[in-house]
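*Asks:* Model the full assembly from the supplied sequences, consistent with the hints where possible.
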Amino acid sequence: MSFVLRMAWRDSRASRRRLLLFSLSIVLGVAALVAIGSFGANLRRAIDGQAKALLGADLAVQSRSALTPEARAFLDGLGGERSEEVVFASMVVFPSAGGQTRLVTLRALEGAYPFYGEFLTEPLDAAGRLSRGEAVAVVEETLLSQFGVKVGDPIRLGQGTFTIVGALRSIPGESAAVALLSPRVFIARSRLAETGLLGPGSLVRYRTYFRFAPEVNVEALVTELRGRFSELRLGFDTVEERRRELGNGVRNVDAFLSLVGFVALFLGAIGVASSIHVYVRQKLATVAVLRCLGASAWRSFAVYLVQGLGLGLFGAVLGAALGVAVQLALPALVGKLLPFAVEFSVDWPAVTRGIALGLGICLLFTLLPLLAVRRVSPLRAIRSSFADDPDRPDPLRWAVYLAIVAAVAGFAWLQAPRWVVAVGFVVALLVGFGVLAGLARVVAWLARRVVPRGAPYVLRQGVANLHRPNNRTVLLLLALGLGTFLIVTLALTRATLLAQIEGSGGGDRPNLVFFDVQDDQIGPLEDTLREAGVPLQSRAPIVTMRVSRLKGRPVEDLLREGQSTIPAWTLRREYRSSYRAALADTERLIAGEWVPRVAPDAAVVPVSLERGIARDLQLGLGDTLEFNVQGVTVEARVASLREVEWRRLEPNFFLVFPEGVLEGAPKFFVAATRAANPAESARLQQAVVARIPNASAIDLTLVLQTIDGIVAKIQWVVQFMALFTVATGVIVLAGAVLSGRYQRLRETVLLRTLGASHGQLVRIQLVEYFILGALAAAVGCGLAIVGGQLLAHFVFEAPPVVPPVTLVSAFAAVIGLTLLTGLLANRGVASHPPLEVLRQET
Amino acid sequence: MLKVERLTKTYGSLGGPLTVLRDVSFSLAPGASLAIVGPSGSGKTTLLGLCAGLDRPTSGRVELAGEEIGAMTEDDRARMRNDHVGFVFQNFQLIPTLTALENVLVPLELRAARGGGTSALRGAEEAAVALLERVGLGARGGHYPVQLSGGEQQRVALARAFINAPKILFCDEPTGNLDGETAAAMTELIFEVNRERGATLVLVTHDLELARRCRRILRLRGGVVVLDEGEGAGEAVRAAGGASA
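Line order of the protein sequences matches chains P and A. With my numbering as the guide, the letters of the first sequence map in order to residues 1 to 842. With my numbering as the guide, the letters of the second sequence map in order to residues 1 to 245.
Hints are supplied without guarantee of correctness; some may be wrong.
[Said to hold, decoys possible] Computed Cβ-Cβ distance ranges for the label pairs, DEER-style:
| no. | chain 1 | residue 1 | chain 2 | residue 2 | range |
| --- | --- | --- | --- | --- | --- |
| 1 | A | A65 | P | L430 | 50 to 56 Å |
| 2 | A | G123 | P | P395 | 40 to 46 Å |
| 3 | A | G123 | P | L430 | 54 to 60 Å |
| 4 | P | L430 | A | D76 | 27 to 33 Å |
| 5 | P | P395 | A | G138 | 44 to 50 Å |
| 6 | P | W9 | A | G138 | 53 to 59 Å |
It should be emphasised that the hints constitute simulated quantities derived from the structure, not laboratory data. What you are looking at is a predicted structure, and each value in this text was computed from that prediction instead of being measured. C-beta: ideal position from N, C-alpha, C; glycine also.
*Replies:* What follows is the structure, given as structure tokens:
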């Protein structure tokens, strides 16, 4: 064993426990990275392993309108085994639950889909009864419990009545989270007509699933026929494509969570650096002696570098072990969100990567204080007052700073899906830490100046601890503030999102919308609502149409070329447009001229486009476009552009025509009203569905519940990751307190010797940690408010919401946590026998 | 063994440059002993540090064991200290995390690590034990500094100073932190062991009794030599062609 190793081992004798404690700072960061990395690898493996079951077929083709004879002939030509499905939103009525209603996704299925994977129901034979064409339904499991209905009960869909034969457990390629958005109800396609739900203008998707013989190369097939699919306005999905999409999704989530985990590691590494700084200060005399005895600067440095390495390795390995354990717990956390089953096993490359990263980052950060060891003068051994400054400017230190930035950038570069995200992450991390550190310095500066001389001694001493030499104010505020910032930002963002949706139905605004109301049903709908004492607030006629030409060029050409940068969906989609004479109060004219009405024989109709769709279609004022309105060609030009507040629960449209043109076209209506409370909403829905079975209703409460459910799940996962940072902050705090414990012990003993009571000593600590906790909470909450405002403004485009209860809870929690950690880490200090310490001094 | 010529050390300070040592010259033959005395702040420790290669002079030169150390890199000076120099400090300066025996072994382990290979360590432990026995601490090798009294710690430091068979031993107030009786015993031990090992001795002290045990005394005041008496006094001054008190 070389001198360096031997000396490092011996020298660590008295401080091994302390060093191991320092290393705990990086444990959670490494654990997070290992857990996420391993989890991501498992997901990717599952995606590869179950590729075909991800789609349930070799090829899925989707059309937004009933298949034309031409399209049908094309699909017939593809061969293989087929299964068809019609999908649309509808209301389901539960007669056995008092006639309660619920908006669902109705799926009328025919054939043997899924060809791969299992259509899992409870009881198991339900899917089979469906495919035999019985008048039965398989209903989303959550719906059954929500409405208290069971297998054997009836449900009504439009005019048809079906018996529930099973609860839907899972279907290939779809996550249980789908049920959050819209619960699914399956019936046999042959029974669809009985419902009478498919009226003109219903927003229906027609899907055809294919199973081909194993020798058919589906990828080659769709590549060859890509143009044809586009011409026929058919979308398609292959196993490969689904795998790519899911893979990208996993990669994005993986990247996001890894970056959150990395913040914990980064914070932990700063904690390690800070503890090592204190540790090295205590070792300067030993270093000076070693130098006197002939150790070179680098050899002395190497002794402590080895200790740093050992500490990093211990932390990284422990973190990896914890990460593996956490990863085993992840299925319970996110399993329901996944569209496929995942078998979880330890992914060793991810473990190795986590350890290497943890060790590397930890090492870089420990180098910062350790570099000072090189510059310890041997003179220190003979002159205790020797005033060399091992921290004086050191070019190598800048090299280490650069290496840290490079390591962070490299990690972000590898993880982030786009370079903009990587750069954003690095900048945000450095600016965030910089701002926190800067604020902490201001706090320390203020602490020196603001406490009045006449303040009680306990208060003055507690505050003085914030700015005395070797204070840990910056580190502690960084550790606690960052965690507070992350968690509070999440909470504020959630509040902003929910408030935005709630606000969209506030005041007198509509909160209940009926759609798919046919032309001849709008009168009865108005009557029904009037009878219920709730007048209709707004109604909008809807005419479906497709774009056939853009600026004179046929859409088929644009689709076929595949070179157009116009998104295909904007060209393929069926536009549900309206006509009216005035702007709605959810709209604002931003360019051009609003034309209220035109003569029925106008050659070119001036239309208004929503700003976003105009941008996607690359259309400006005066540009021409041609519509196919259910067989009739309508020439139009862009007369105005509108900004639309989509979030409001009122009918909004990409395209609005003036009055005078579309009145004669087949149309249906969207109508909105306002229910005073959820009970009234349910009553109205039941009344309307009883009279107009094909009408669907969506109410704001449902939207709120849905969005809240999704946001809560995402927030839970992100919060879980953010907790790693918070817990790291607490460990760093504990480490900082413990590393300064000896110094604290000497001060406390002196105070005791001079007559301070135990109570006074504890109160001094309480003041110090209370102030630190309060400041960390203030800084963290302050940054979170700024972050929340930025997110609200730039990402969610919503007015930011800052619920006082969130801030107050954060304050109380952070202060409590700080006090608890500080007092626990310092326990015993105030009751230590003074003589024991004073003797060590001599 | 040690040749010092016109040694000057100036520190930059807020109040302007501060010269703590000015034009000091002397030389010592192998086996000689020198006490540097003077009041606090007279430059004694600075002179010792410069002679031992712990610091660089502002001007002048120091030749130790035939090598000019002013021109050496810091690492070369470390090697020189490891090869030829032994130290005894006022505060003992034992490494608190090492046992007495391990403390004594450190210089040899450093030498081995520098390239001496394991051969440098052969017999090292026996030698260290022997030295500990020589200073009367044969049974205390496994104890940590905190478990030893001041006098015992200083004896361990003495054993450590001799483990690498130094050509020159520098002692900085070796009895400064010891009570009278322990100090007297320590003084005896330093001179006895030094005599046995034949090293040149340079010691800084306030203690005139101790100083008189050396064959030559250099008195400093305000950074200049005000008295140089005893065996070999004035030789270096004459050789350097300078004048000193």
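*Asks:* Take the hints in turn and mark each one as holding or not.
*Replies:* Here is how each hint holds up against the structure:
A/A65 and P/L430 have their C-beta atoms about 52 Å apart, which keeps the hinted 50 to 56 Å range intact. For A/G123 and P/P395, the Cβ-Cβ distance of about 43 Å falls inside the hinted range of 40 to 46 Å, so the restraint holds. Between A/G123 and P/L430 the beta carbons are some 56 Å apart, a value that agrees with the proposed interval 54 to 60 Å. Remark: the range hint 27 to 33 Å for P/L430 to A/D76 is contradicted by a beta-carbon distance near 41 Å.
Between P/P395 and A/G138, the C-beta spacing of about 49 Å keeps the proposed range 44 to 50 Å intact. Range check, P/W9 to A/G138: Cβ separation about 25 Å, and the 53 to 59 Å hint is violated.
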